[in-house]
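Chemist: So the chains spell out like this:
Number of protein chains: 2
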Amino acid sequence: MAMISPSRRLRRTPFSEGVDRANPKAFTVYNRMLLATVFESVEADYHHLKNHVQVWDVAVERQVELRGPDAGRLMQMLTPRDLRGMLPGQCYYVPIVDETGGMLNDPVALKLAEDRWWISIADSDLLFWVKGLAHGYRLDVLVDEPDISPLAVQGPKAEELMVRVFGEAVRAIKFFRFSWFEFEGRWLVIARSGYSKQGGFEIYVDGADMGMPLWDALFKAGEDLDVRAGCPNGIERIEGGLLSYGNDMTRDNTPHECGLGRFCSTQTAIGCVGRDALLRVAKEGPVQQIRPITIEGDLPPCDRAWPLMAGTKRVGQVTSAAKSPDYGVNVAIGMVRMTHWDAGTVLAVRTQDGDFEATVHEEFWQ
Amino acid sequence: MAMISPSRRLRRTPFSEGVDRANPKAFTVYNRMLLATVFESVEADYHHLKNHVQVWDVAVERQVELRGPDAGRLMQMLTPRDLRGMLPGQCYYVPIVDETGGMLNDPVALKLAEDRWWISIADSDLLFWVKGLAHGYRLDVLVDEPDISPLAVQGPKAEELMVRVFGEAVRAIKFFRFSWFEFEGRWLVIARSGYSKQGGFEIYVDGADMGMPLWDALFKAGEDLDVRAGCPNGIERIEGGLLSYGNDMTRDNTPHECGLGRFCSTQTAIGCVGRDALLRVAKEGPVQQIRPITIEGDLPPCDRAWPLMAGTKRVGQVTSAAKSPDYGVNVAIGMVRMTHWDAGTVLAVRTQDGDFEATVHEEFWQ
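Taken in sequence, the protein lines are chains Y and V. Per numbering that gives the first Met the number 0: the first sequence = residues 0 to 365. Per numbering that gives the first Met the number 0: the second sequence = residues 0 to 365.
Keep in mind the hints are simulated off the structure, nothing from the lab. Note that beta-carbon positions come from the ideal geometry of N, C-alpha and C, so glycine has one too. Hints may contain errors.
Said to hold, decoys possible - Cut-off 35 Å, straight-line C-alpha distance, at most; resulting in silico cross-link-like pairs (DSBU-like, lysine-lysine): (1) LYS24(Y) with LYS24(V); (2) LYS196(V) with LYS322(Y); (3) LYS173(Y) with LYS196(Y); (4) LYS156(V) with LYS322(V); (5) LYS24(Y) with LYS322(V); (6) LYS196(Y) with LYS219(Y); (7) LYS173(Y) with LYS49(Y); (8) LYS173(Y) with LYS312(Y); (9) LYS173(V) with LYS322(V).
As the list claims (entries may be wrong) - Listed next, with one range per pair, are the computed distances between beta-carbon atoms: (10) GLY353(V) with GLU222(Y): 48 to 58 Å; (11) GLY166(Y) with GLU362(V): 56 to 66 Å; (12) ALA43(Y) with ALA309(V): 23 to 33 Å; (13) VAL345(V) with ASP143(Y): 32 to 42 Å; (14) GLU356(V) with ALA207(Y): 20 to 30 Å; (15) THR311(V) with ASP275(Y): 25 to 35 Å; (16) GLY166(Y) with TYR92(V): 52 to 62 Å; (17) GLY296(Y) with GLU144(V): 29 to 39 Å; (18) ASP275(Y) with GLY67(V): 50 to 60 Å; (19) GLY270(Y) with GLY353(V): 28 to 38 Å; (20) GLY284(V) with GLY166(Y): 45 to 55 Å; (21) THR311(V) with ASP143(Y): 29 to 39 Å; (22) THR267(Y) with ARG279(V): 41 to 51 Å.
Said to hold, decoys possible - Covered stretches of chain V (in silico footprint by chain Y; criterion: 3 or more residues with CB under 8 Å from a CB of chain Y, positions within the stretch not fixed): (23) 97-106; (24) 152-162; (25) 211-217; (26) 236-247; (27) 334-347.
Just need the whole structure built from these sequences, with the hints factored in.
Modeler: Okay, structure coming up:
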């Protein structure tokens with residue numbers, strides 16, 4: 000690993016002071032903002048996440064806010080998922096595509112009201128695309144990045160901790176639903192969601208000044224729960240099949256290639272700018288698709304796309320890989336061509352340290 | 000400084016192999032790509048840059064290509080700079096603004112032909128804004144990120160090195176002009192430009208496979224010139240007043256605030272989407288503006304915006320700072336309100352390590 004140079008351009012967050020206190024060992028940059036990646040060690044963080052509760056600074060999930068009479072229309076232009084049945088208080092995972100059906104982001108959208116949405120983004124400047132469309136189509140909508148910073152509480156004891164800070168009503172929040180809760184006189188959105196399979200919540204902290212008071216309240220309330228600062232865990236998210244935009248998919252890929260076809264209602268998502276292209280894809284099916292993959296051996300860090308080879312023929316690529324303590328194998332995510340995507344297919348993965356044996360898997364691990 | 004976690008999302012470049020060989024001590028992330036920031040030390044790199052020649056992997060300057068009958072119209076929509084007099088073979092520094100006049104990027108545009116442009120971008124996904132506008136306005140233009148990676152050759156001996164690889168014709172390239180040169184059977188654009196004040200060139204390497212052959216050719220040809228791997232230098236660029244998007248300006252700022260009013264021909268840049276807003280700004284003048292600033296004392300790294308205080312009143316902020324060996328002082332870039340922007344004004348700059356004395360300067364240092 001290399002060092003990262005400090006600069007204002009790599010933005011700190013309203014929770015950075017708390018993160019710094021916990022002495023993170025490494026960071027990544029996500030939406031031009033710092034995101035811790037390791038505290039004790041990736042393995043220790045992983046075990047702790049699966050057994051206790053962690054507080055994650057995920058302010059890097061910047062919000063794109065749509066507000067105004069055309070907000071709903073614009074939101075449907077962005078995604079092939081049919082939003083007609085979505086109610087205020089719901090979160091939807093929404094693939095966002097360009098006019099060719101290429102993935103621009105894979106955020107979670109929150110419908111606050113008929114005329115107000117937040118899009119909690121993955122790593123790309125989705126704001127620019129949304130602003131460009133809104134301007135080009137002369138829509139009656141305000142598009143901006145508000146001062147909202149998500150803080151995630153994840154792990155099996157997340158609910159217990161949240162109840163201590165926000166009260167029993169937290170238990171009633173259903174998966175991918177949200178409600179409003181008061182904290183120090185301010186109303187905050189809390190959703191049951193998060194980038195792990197261990198359960199938990201995301202608190203949409205409105206106002207940077209509220210960041211550290213909330214951080215401190217959670218740590219104080221959770222002392223006996225062994226609450227710790229954490230972050231999305233590289234092993235756990237691969238086990239769970241949680242894709243990472245920029246790693247496992249890019250603008251080159253359609254949602255169908257990413258295994259997100261179930262979120263594409265191309266017949267009914269009228270107005271989506273990528274609909275024509277995706278109708279074609281939906282008809283023919285993708286020629287390559289995301290697959291869980293196991294790899295034998297002692298792997299280097301997956302810092303680039305690793306070609307998947309069938310003999311001398313490139314039939315795909317691996318884009319995320321990590322050694323899983325619980326499953327005792329290297330778990331990985333790859334994009335594999337249809338000729339070789341059946342479970343059990345054995346391939347070679349070409350890394351910077353040479354070739355390793357890879358096997359296409361049926362399902363993700365949890 | 001913290002460690003940076005490897006992942007495919009933080010993209011390597013066609014020159015990464017060469018950069019790795021030179022053992023960089025630190026990186027930043029720029030356009031979701033790795034950019035080395037230090038080789039020997041920031042100071043040693045600085046002296047070497049000012050005296051010899053360096054090869055910089057600036058593939059992070061991703062290209063946005065506009066191609067088609069409406070390319071010129073779209074290009075003018077993006078910027079308040081009047082492009083009517085621009086000829087093929089010219090480079091223009093072009094502030095890019097949204098409909099409110101807020102800066103989205105400050106790239107260099109290359110006019111390849113009447114219907115073909117490259118925009119060599121600073122750190123934001125300008126592609127998304129351009130694609131959104133093109134789609135919304137139904138323009139007859141293709142917008143994409145081609146496989147073009149700039150390699151900069153900078154320093155007083157840059158011309159000598161370039162002549163050895165590309166021939167005497169390199170000398171005829173004027174500042175902010177470009178020509179086509181052949182290298183191993185491929186035609187590459189070479190411009191006299193670059194993010195330093197030491198002079199030099201940027202080679203637009205077309206095709207990732209050409210990256211290392213060209214890198215190696217430059218190092219072989221420049222052995223006796225003490226050619227080294229380098230990178231934009233944090234000290235040198237502040238001395239020279241070269242702004243950094245994301246550091247010294249963001250979407251919150253107009254070009255006029257950034258001291259880029261001379262690039263705004265709001266009366267004649269008809270079609271620029273931010274023109275109405277900027278006409279207003281041009282009329283009234285900005286209430287804050289970029290200023291060179293000197294700071295006394297032993298500063299921490301400038302990893303966040305430092306408030307500039309006049310007593311208890313915030314009158315601006317410093318966003319870049321470094322200790323200059325040649326000028327024997329901390330050189331800095333800040334945004335200062337008009338009430339306090341006159342040269343000689345003494346203020347306090349509030350850092351994470353406490354307050355330091357700051358003085359507004361008349362001009363940048365070189």
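Chemist: Taking the hints in turn, state whether each one holds.
Modeler: Status of each hint after checking the structure:
no.: 1; hint: LYS24(Y) with LYS24(V); in the structure: holds (17 Å)
no.: 2; hint: LYS196(V) with LYS322(Y); in the structure: violated (47 Å)
no.: 3; hint: LYS173(Y) with LYS196(Y); in the structure: holds (15 Å)
no.: 4; hint: LYS156(V) with LYS322(V); in the structure: holds (25 Å)
no.: 5; hint: LYS24(Y) with LYS322(V); in the structure: holds (27 Å)
no.: 6; hint: LYS196(Y) with LYS219(Y); in the structure: holds (25 Å)
no.: 7; hint: LYS173(Y) with LYS49(Y); in the structure: holds (20 Å)
no.: 8; hint: LYS173(Y) with LYS312(Y); in the structure: violated (47 Å)
no.: 9; hint: LYS173(V) with LYS322(V); in the structure: holds (32 Å)
no.: 10; hint: GLY353(V) with GLU222(Y): 48 to 58 Å; in the structure: violated (32 Å)
no.: 11; hint: GLY166(Y) with GLU362(V): 56 to 66 Å; in the structure: holds (59 Å)
no.: 12; hint: ALA43(Y) with ALA309(V): 23 to 33 Å; in the structure: violated (48 Å)
no.: 13; hint: VAL345(V) with ASP143(Y): 32 to 42 Å; in the structure: holds (36 Å)
no.: 14; hint: GLU356(V) with ALA207(Y): 20 to 30 Å; in the structure: holds (28 Å)
no.: 15; hint: THR311(V) with ASP275(Y): 25 to 35 Å; in the structure: violated (59 Å)
no.: 16; hint: GLY166(Y) with TYR92(V): 52 to 62 Å; in the structure: holds (55 Å)
no.: 17; hint: GLY296(Y) with GLU144(V): 29 to 39 Å; in the structure: holds (34 Å)
no.: 18; hint: ASP275(Y) with GLY67(V): 50 to 60 Å; in the structure: violated (19 Å)
no.: 19; hint: GLY270(Y) with GLY353(V): 28 to 38 Å; in the structure: violated (54 Å)
no.: 20; hint: GLY284(V) with GLY166(Y): 45 to 55 Å; in the structure: holds (52 Å)
no.: 21; hint: THR311(V) with ASP143(Y): 29 to 39 Å; in the structure: holds (30 Å)
no.: 22; hint: THR267(Y) with ARG279(V): 41 to 51 Å; in the structure: holds (43 Å)
no.: 23; hint: 97-106; in the structure: holds (count 3)
no.: 24; hint: 152-162; in the structure: violated (count 0)
no.: 25; hint: 211-217; in the structure: violated (count 0)
no.: 26; hint: 236-247; in the structure: holds (count 4)
no.: 27; hint: 334-347; in the structure: violated (count 0)
In terms of the numbered hints stated before, the structure departs from hints 2, 8, 10, 12, 15, 18, 19, 24, 25, 27, listed from lowest to highest.
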